[in-house]
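Undergrad: Sequence:
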Amino acid sequence: MSSLPGRQQEARGGQPDDRSRRSDSTRDMIESFHLFLTPAIKDTIIRLTNVEGTERYGDRWAVLDVVELDVNLGILLLQGVYHDGTVTVSDLWSEGYGKKIYQACMSRIRFSQITCSLRFDDKNTREERMGAG
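Residue 6 is where the sequence shown starts when you use our numbering, and the numbers rise one by one after that.
Any given hint could be a false lead.
Simulated pairs of lysine-lysine, BS3-like, Cα-Cα distance not exceeding 30 angstroms [stated by the list, open to error]: (1) Lys47 to Lys105; (2) Lys104 to Lys47; (3) Lys47 to Lys128.
Hint data in this document are derived by calculation from the structure and do not stem from the laboratory.
Using the sequences plus the hints, can you model the full thing?
TA: Here you go:
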């Protein structure tokens, strides 16, 4: 090995490797994510999801905001990272089997409500738009 990895390399005067700059790479990942989901796109998703949520759940629907949207999308991404995509939502939030990270972020019921209501387009104008293309 020609150089020492990580913190040992730094202690000997070398340059830090990627593992020692996780906060920078995390910030870059978040910024990269926001390049795809701009504030305008998030506003559209929130507006359409609130319409669907109100139709589905009536008075039981709490208005979705940008923080909850980010948390919900983060949980969906974590499911992919942990290979939990085929695990039922009730198992993901269960005391015995589930991961604490899901429980810490959002209640199971709220996650299910948002995920079932999540909309990226206006379903009332979908046919018209599909016919125009």
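Undergrad: For every hint, state whether the structure bears it out.
TA: Hint check results:
no., hint, in the structure
1, Lys47 to Lys105, "holds (27 angstroms)"
2, Lys104 to Lys47, "holds (27 angstroms)"
3, Lys47 to Lys128, "holds (17 angstroms)"
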